[in-house]
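Asker: Using the hints provided, position chain B relative to the given structure of chain A.
Protein chains in written order, with the working numbering: chain A, 1 to 268; chain B, 1 to 72.
Keep in mind the hints are simulated off the structure, nothing from the lab. Where hints are given, some of them may not hold.
[As the list claims (entries may be wrong)] Only pairs whose alpha carbons sit at most 27 Å apart, straight line, appear in this in silico DSS-like list of lysine-lysine:
{"no.": "1", "chain 1": "B", "residue 1": "K54", "chain 2": "B", "residue 2": "K31"}
{"no.": "2", "chain 1": "A", "residue 1": "K131", "chain 2": "A", "residue 2": "K82"}
{"no.": "3", "chain 1": "A", "residue 1": "K44", "chain 2": "A", "residue 2": "K82"}
{"no.": "4", "chain 1": "A", "residue 1": "K89", "chain 2": "B", "residue 2": "K54"}
{"no.": "5", "chain 1": "A", "residue 1": "K225", "chain 2": "A", "residue 2": "K165"}
{"no.": "6", "chain 1": "A", "residue 1": "K79", "chain 2": "A", "residue 2": "K44"}
{"no.": "7", "chain 1": "B", "residue 1": "K31", "chain 2": "B", "residue 2": "K2"}
{"no.": "8", "chain 1": "B", "residue 1": "K2", "chain 2": "B", "residue 2": "K27"}
{"no.": "9", "chain 1": "B", "residue 1": "K2", "chain 2": "A", "residue 2": "K82"}
{"no.": "10", "chain 1": "A", "residue 1": "K131", "chain 2": "A", "residue 2": "K89"}
{"no.": "11", "chain 1": "A", "residue 1": "K82", "chain 2": "B", "residue 2": "K54"}
{"no.": "12", "chain 1": "A", "residue 1": "K89", "chain 2": "B", "residue 2": "K27"}
{"no.": "13", "chain 1": "B", "residue 1": "K54", "chain 2": "A", "residue 2": "K44"}
{"no.": "14", "chain 1": "A", "residue 1": "K79", "chain 2": "A", "residue 2": "K89"}
{"no.": "15", "chain 1": "B", "residue 1": "K27", "chain 2": "B", "residue 2": "K54"}
{"no.": "16", "chain 1": "A", "residue 1": "K44", "chain 2": "B", "residue 2": "K27"}
{"no.": "17", "chain 1": "A", "residue 1": "K44", "chain 2": "B", "residue 2": "K2"}
{"no.": "18", "chain 1": "A", "residue 1": "K165", "chain 2": "A", "residue 2": "K193"}
{"no.": "19", "chain 1": "B", "residue 1": "K31", "chain 2": "A", "residue 2": "K89"}
{"no.": "20", "chain 1": "A", "residue 1": "K89", "chain 2": "A", "residue 2": "K44"}
{"no.": "21", "chain 1": "B", "residue 1": "K31", "chain 2": "A", "residue 2": "K44"}
{"no.": "22", "chain 1": "A", "residue 1": "K131", "chain 2": "A", "residue 2": "K79"}
{"no.": "23", "chain 1": "A", "residue 1": "K165", "chain 2": "A", "residue 2": "K79"}
{"no.": "24", "chain 1": "A", "residue 1": "K44", "chain 2": "A", "residue 2": "K131"}
{"no.": "25", "chain 1": "A", "residue 1": "K193", "chain 2": "A", "residue 2": "K225"}
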Amino acid sequence: MPLSIYDQALTSRLLIGSALYPSPEIMKQAILASGSQVVTLSLKRQNPMAQSGDKFWRYIQASVEQNQGFLLPNTAGCKTAKEAITLAKMSRELFQTDWIKLEVIGDDYNLQPDPVELLIATEQLLADGFKVLPYCTDDLVICQRLYELGCQVIMPWASPIGTGKGLMNPYNLASIRQRLPEATLILDAGIGKPSDACIAMEMGFDGVLLNSAIALADNPVLMAKAFATAINAGELAYIAGTMPERQTAHASTPTLDTPFWHHGEHKS
Amino acid sequence: MKLYINGNATELPHSSEAINIEMVLAKTLPKSQLEQSFALALNGEFVGREDYVKTTVNNRDSIDLLFPIVGG
Chain A
1 MPLSIYDQAL TSRLLIGSAL YPSPEIMKQA ILASGSQVVT LSLKRQNPMA QSGDKFWRYI
61 QASVEQNQGF LLPNTAGCKT AKEAITLAKM SRELFQTDWI KLEVIGDDYN LQPDPVELLI
121 ATEQLLADGF KVLPYCTDDL VICQRLYELG CQVIMPWASP IGTGKGLMNP YNLASIRQRL
181 PEATLILDAG IGKPSDACIA MEMGFDGVLL NSAIALADNP VLMAKAFATA INAGELAYIA
241 GTMPERQTAH ASTPTLDTPF WHHGEHKS
Chain B
1 MKLYINGNAT ELPHSSEAIN IEMVLAKTLP KSQLEQSFAL ALNGEFVGRE DYVKTTVNNR
61 DSIDLLFPIV GG
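Just chain A, same shape as in the assembly (with noise of 0.2 Å):
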């Protein structure tokens, strides 16, 4: 089943961030090789006689068409619900889509979203016709206030943004997954390695959204595949269905019949 946000249905679940990378052209490699069909970027302040920014914007349209994709834009840098509200706006007359990624951050030190401004910010822009997809904490409560507010996909955080740790509260995001079935889930920042997406994959995620951990690989467009490939494994594995975890060992080699089993009692 491929994933949905917001009805849209794409065939890959990984969502790809496009800063950081050593250079354009790396990016666009990347971006095409993770065969991610969604592609995050900003609106920022630009020095008027600066040019830096229309390389990058022509680079990311090329490699989005080219994989058929969607742009998501952020509200990165965003401290208040009516900032976030105005650069979504922003975003949607520019970028021409009505898909935002909410970011209100509450804290400096962790960037750790701010609840209470993102459940105000989310709920005006519902009212606008905003398609939200809210990047939050891994809190249950949250997540729930969220999707009551009518947000179909939700994006709690593996570790804070950047820091490369994983998943820090397993728990935590289970419960989310158990108590949200129908919710569309992505795991959004954090990400350090393949094995992490994979994890969030077996746990029943939706997607993974990331960006430091490809940009910033010796090779990205080498670590684009890995996640890539991680990614499906994880899903696979989920429908799959893994076996329940046990207390003792339990011999898999059938132990019938299993020459010399008697051996000592022969001696004795």
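Answerer: Only chain B this time, still in chain A's reference frame:
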């Protein structure tokens, strides 16, 4: 009239007629900049492109022009 464009103070010649956003952009931005993709906020509120002409600016107003950039 003093305006703040992306935080930078900018003086516009005094005018007896009302000045709208379209006029401000034409007076302050180079052509290369105007041709780029950008979105605009006036005093922290989004203003759509179709409203530039009918939105007047006042002394000490703040205009933010935002451009596409990479993001995670």
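Asker: Indicate, hint by hint, whether the structure satisfies it.
Answerer: Do the hints match the structure? See the list:
{"no.": "1", "hint": "B:K54 x B:K31", "in the structure": "21 Å, holds"}
{"no.": "2", "hint": "A:K131 x A:K82", "in the structure": "17 Å, holds"}
{"no.": "3", "hint": "A:K44 x A:K82", "in the structure": "16 Å, holds"}
{"no.": "4", "hint": "A:K89 x B:K54", "in the structure": "18 Å, holds"}
{"no.": "5", "hint": "A:K225 x A:K165", "in the structure": "20 Å, holds"}
{"no.": "6", "hint": "A:K79 x A:K44", "in the structure": "14 Å, holds"}
{"no.": "7", "hint": "B:K31 x B:K2", "in the structure": "21 Å, holds"}
{"no.": "8", "hint": "B:K2 x B:K27", "in the structure": "13 Å, holds"}
{"no.": "9", "hint": "B:K2 x A:K82", "in the structure": "25 Å, holds"}
{"no.": "10", "hint": "A:K131 x A:K89", "in the structure": "12 Å, holds"}
{"no.": "11", "hint": "A:K82 x B:K54", "in the structure": "23 Å, holds"}
{"no.": "12", "hint": "A:K89 x B:K27", "in the structure": "25 Å, holds"}
{"no.": "13", "hint": "B:K54 x A:K44", "in the structure": "25 Å, holds"}
{"no.": "14", "hint": "A:K79 x A:K89", "in the structure": "16 Å, holds"}
{"no.": "15", "hint": "B:K27 x B:K54", "in the structure": "16 Å, holds"}
{"no.": "16", "hint": "A:K44 x B:K27", "in the structure": "22 Å, holds"}
{"no.": "17", "hint": "A:K44 x B:K2", "in the structure": "23 Å, holds"}
{"no.": "18", "hint": "A:K165 x A:K193", "in the structure": "9 Å, holds"}
{"no.": "19", "hint": "B:K31 x A:K89", "in the structure": "25 Å, holds"}
{"no.": "20", "hint": "A:K89 x A:K44", "in the structure": "14 Å, holds"}
{"no.": "21", "hint": "B:K31 x A:K44", "in the structure": "20 Å, holds"}
{"no.": "22", "hint": "A:K131 x A:K79", "in the structure": "20 Å, holds"}
{"no.": "23", "hint": "A:K165 x A:K79", "in the structure": "24 Å, holds"}
{"no.": "24", "hint": "A:K44 x A:K131", "in the structure": "21 Å, holds"}
{"no.": "25", "hint": "A:K193 x A:K225", "in the structure": "12 Å, holds"}
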